[in-house]
Amino acid sequence: MDFSWTEEQLQFKNEVISFAETKLNDSHLVNDHKLEFMRKNWQLCADFGMLSLSVPKQYGTHTKDIDILSAILAMEGLGYGCRDNGLPFAMNAQMWTVQLPIAQFGTETQKETFLPKLTSGEWIACHALTEPEAGSDVFNMQTTATKVEGGYILNGKKHLITLGPVCDIALVFAVTNPTLGKWGLSVFIVEKGTKGFETSLNKAKMGLRTVPIGDLTFTDCFVKEENRLGSEGAGWSITNHSLELDRCSVHASQIGAMERQLEASIAYVKQRKQFGKSVGQFQSVSNRIADMKLRLETSRLLLYKVAWLKSQGKSAMLESAMLKLQISESFVASSLDTIRNHGGYGYLTENEVERDLRDAVGGVIYAGTSDIQRNIIAKTIGL
Amino acid sequence: MQEKIIKYIEEELANEELDGGLEATEDLLGSGILDSLGMMKLIAFLEDEFGCKVLPEEMVIENFMTVAHVNDYLVSKQ
Ligand SMILES: Cc1cc2nc3c(=O)[nH]c(=O)nc-3n(C[C@H](O)[C@H](O)[C@H](O)COP(=O)(O)OP(=O)(O)OC[C@H]3O[C@@H](n4cnc5c(N)ncnc54)[C@H](O)[C@@H]3O)c2cc1C
Numbered sequence: 001m002d003f004s005w006t007e008e009q010l011q012f013k014n015e016v017i018s019f020a021e022t023k024l025n026d027s028h029l030v031n032d033h034k035l036e037f038m039r040k041n042w043q044l045c046a047d048f049g050m051l052s053l054s055v056p057k058q059y060g061t062h063t064k065d066i067d068i069l070s071a072i073l074a075m076e077g078l079g080y081g082c083r084d085n086g087l088p089f090a091m092n093a094q095m096w097t098v099q100l101p102i103a104q105f106g107t108e109t110q111k112e113t114f115l116p117k118l119t120s121g122e123w124i125a126c127h128a129l130t131e132p133e134a135g136s137d138v139f140n141m142q143t144t145a146t147k148v149e150g151g152y153i154l155n156g157k158k159h160l161i162t163l164g165p166v167c168d169i170a171l172v173f174a175v176t177n178p179t180l181g182k183w184g185l186s187v188f189i190v191e192k193g194t195k196g197f198e199t200s201l202n203k204a205k206m207g208l209r210t211v212p213i214g215d216l217t218f219t220d221c222f223v224k225e226e227n228r229l230g231s232e233g234a235g236w237s238i239t240n241h242s243l244e245l246d247r248c249s250v251h252a253s254q255i256g257a258m259e260r261q262l263e264a265s266i267a268y269v270k271q272r273k274q275f276g277k278s279v280g281q282f283q284s285v286s287n288r289i290a291d292m293k294l295r296l297e298t299s300r301l302l303l304y305k306v307a308w309l310k311s312q313g314k315s316a317m318l319e320s321a322m323l324k325l326q327i328s329e330s331f332v333a334s335s336l337d338t339i340r341n342h343g344g345y346g347y348l349t350e351n352e353v354e355r356d357l358r359d360a361v362g363g364v365i366y367a368g369t370s371d372i373q374r375n376i377i378a379k380t381i382g383l
Numbered sequence: 001m002q003e004k005i006i007k008y009i010e011e012e013l014a015n016e017e018l019d020g021g022l023e024a025t026e027d028l029l030g031s032g033i034l035d036s037l038g039m040m041k042l043i044a045f046l047e048d049e050f051g052c053k054v055l056p057e058e059m060v061i062e063n064f065m066t067v068a069h070v071n072d073y074l075v076s077k078q
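Respectively, the protein sequence lines represent chains A and B. Mapping to the UniProt record's numbering: the first sequence position 5 is 5, numbers consecutive. Mapping to the UniProt record's numbering: the second sequence position 21 is 21, numbers consecutive.
It should be emphasised that the hints constitute simulated quantities derived from the structure, not laboratory data. Careful: at least some of the hints might be erroneous.
[Stated by the list, open to error] One-sided excerpt, in silico: chain A residues whose CB lies under 10 Å from chain B: (1) Gln-43; (2) Asn-177; (3) Leu-180; (4) Gly-181; (5) Gly-184; (6) Gly-214; (7) Thr-217; (8) Thr-219; (9) Lys-224; (10) Glu-225; (11) Ile-238; (12) Ser-311; (13) Ser-315; (14) His-342; (15) Gly-344.
Heads up, the beta-carbon is just placed ideally off N, CA and C, and yes, glycines get one too.
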């Protein structure tokens with residue numbers, strides 16, 4: 001295992017950081033307050049080539065294929081440079097749970113129809129798996145797709161869908177063969193405007209408030225056969241394929257955010273004086289800084305290990321569960337430590353310290369809760 | 001090949017103790033002998049043991065329903 005980066009990879013990361021710092025940080029405070037999605041920033045990221053990182057070059061804006069390690073490092077840079085944690089989160093959702101499955105399982109027509117529109121920022125897509133009655137137990141879903149002449153009729157409801165309220169297409173998981181359980185799930189690309197397909201308004205939430213999240217409803221919604229992604233019954237495989245990379249990349253951006261948070265914390269505790277000295281001189285405060293550094297570096301090691309395993313085409317089921325658990329819980333713990341270190345200043349929204357904590361909590365829930373990650377780890381090592 | 005797969009599933013993966021051993025024609029997925037994690041471990045084992053690459057689009061019930069299906073699938077890849 002070699003943890004060194006090439007000059008080219010580091011240069012790309014630095015370009016992403018400087019792009020994010022100069023272009024993406026002008027309105028996030030207001031957007032967070034008003035639950036506003038910044039389509040302008042999404043487009044800037046697309047133009048910069050960020051959305052193209054998860055697809056072969058012919059469907060995106062890059063002149064060569066981007067390897068997974070470079071993509072992960074770039075997403076880390078985005079998390080570091082972009083003070084709106086919601087934007088990298090939403091981009092990752094589209095890149096790894098919609099674009100990647102289409103690139104891997106799609107027909108040539110599907111790839112040509114959908115990928116360039118998504119990577120260019122013209123269209124937005126969501127991944128619809130969770131339902132009101134099927135969260136952690138997601139393969140127990142109720143949404144059905146009944147085979148009819150020329151296609152399928154979809155009925156059901158999807159819940160908590162990132163980018164759902166603004167999506168142009170949705171990747172929808174539905175039961176095509178109820179007798180086969182999780183092996184009887186299929187995936188459909190449903191386009192906005194299709195009769196019987198409705199999206200809810202954006203829901204108010206604790207964090208990641210710049211990302212529209214909502215429900216999708218399907219009522220006798222006819223979807224053409226050519227919009228089925230992969231074969232009938234490929235639903236399990238499609239989720240599994242994208243999961244490890246999604247866990248890797250979305251958390252790469254959180255590593256970037258944790259690094260930014262640590263640097264800001266160090267700067268603050270050095271300049272804030274109480275009892276005649278910097279508060280960073282008090283061991284209670286510096287211990288918290290040391291813990292934050294430790295969480296950052298252990299999380300980063302796991303991230304690079306998973307990215308390396310994926311770059312070698314290896315499975316990373318245990319490692320990606322440990323990664324998801326470690327980073328998401330670390331981001332929550334370090335965000336709380338940061339607020340403690342900033343005192344009352346950190347509690348005020350205008351100072352942009354408390355927002356990280358609100359944004360971090362979603363990470364211990366989405367893409368499999370921390371409890372589920374612990375179950376996977378325990379089971380994988382023999383329990 | 002078939003015996004090796006049966007032995008691995010019996011010893012490492014089966015969710016419950018299998019009465020009288022695993023048959024090559026027994027339903028692995030519908031019966032719950034293998035859950036999602038078991039399936040992924042089985043794939044990792046097949047790749048290591050038989051030097052093949054199971055492509056994501058090949059991870060479907062037609063190839064993994066029973067040990068006999070897995071065997072046929074591996075033979076077809078050789
Ligand atoms: C910000 C955000 C974005 C999301 N985006 C998407 C998206 O784009 N697409 C999508 O499909 N879904 C999305 N989700 C949904 C998400 O995947 C689910 O919320 C998650 O899988 C948990 O399901 P649930 O909310 O129904 O909780 P439940 O499954 O009801 O869990 C409730 C509690 O029970 C625990 N629990 C449940 N089962 C077990 C078990 N077997 N062992 C131990 N503990 C258990 C859980 O850990 C949790 O503490 C998103 C969620 C959030 C918060």
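* Should the hint that His-342 (chain A) touches chain B count as held when the rule is a Cβ pair under 10 Å? -> Result: violated, 41 Å to nearest chain B Cβ.
* Grab the minimum C-beta distance from Gly-184 (chain A) to chain B and call the hint holds if it beats 10 Å, violated otherwise. => holds (8 Å)
* Taking the least C-beta to C-beta distance, is Lys-224 (chain A) closer than 10 Å to chain B? -> Interface hint status for Lys-224 (chain A): violated (20 Å vs cutoff 10 Å).
* Report holds or violated for the interface hint on Glu-225 (chain A), using the least CB-CB distance to chain B and a cut-off of 10 Å. => This interface hint is violated because 17 Å lies over the 10 Å limit.
* Asked: Can the hint on Asn-177 (chain A) be confirmed by a CB-to-CB distance to chain B that is less than 10 Å?
  -> holds (9 Å)
* Hold the hint about Gly-214 (chain A) up to the distance rule: shortest CB distance to chain B must be less than 10 Å. => violated (27 Å)
* With a cut-off of 10 Å on the beta carbons, see whether Gly-181 (chain A) makes it to chain B. => holds (7 Å)
* **Restraint outcome when Ser-311 (chain A) is required to lie within 10 Å of chain B by C-beta distance** => Result: violated, 15 Å to nearest chain B Cβ.
* Can the hint on Ile-238 (chain A) be confirmed by a CB-to-CB distance to chain B that is less than 10 Å? -> holds (8 Å)
* **Status of the hint placing Gln-43 (chain A) at chain B (closest C-beta pair under 10 Å)** => violated (31 Å)
* Given Thr-217 (chain A) as an interface hint, is the shortest Cβ-Cβ distance to chain B below 10 Å? -> violated (27 Å)
* To do: Could you check if Thr-219 (chain A) really has its C-beta closer than 10 Å to a C-beta on chain B?
  => violated (29 Å)
Hint compliance for this structure: hints 1, 6, 7, 8, 9, 10, 12, 14, 15 are not met, and every other hint is.
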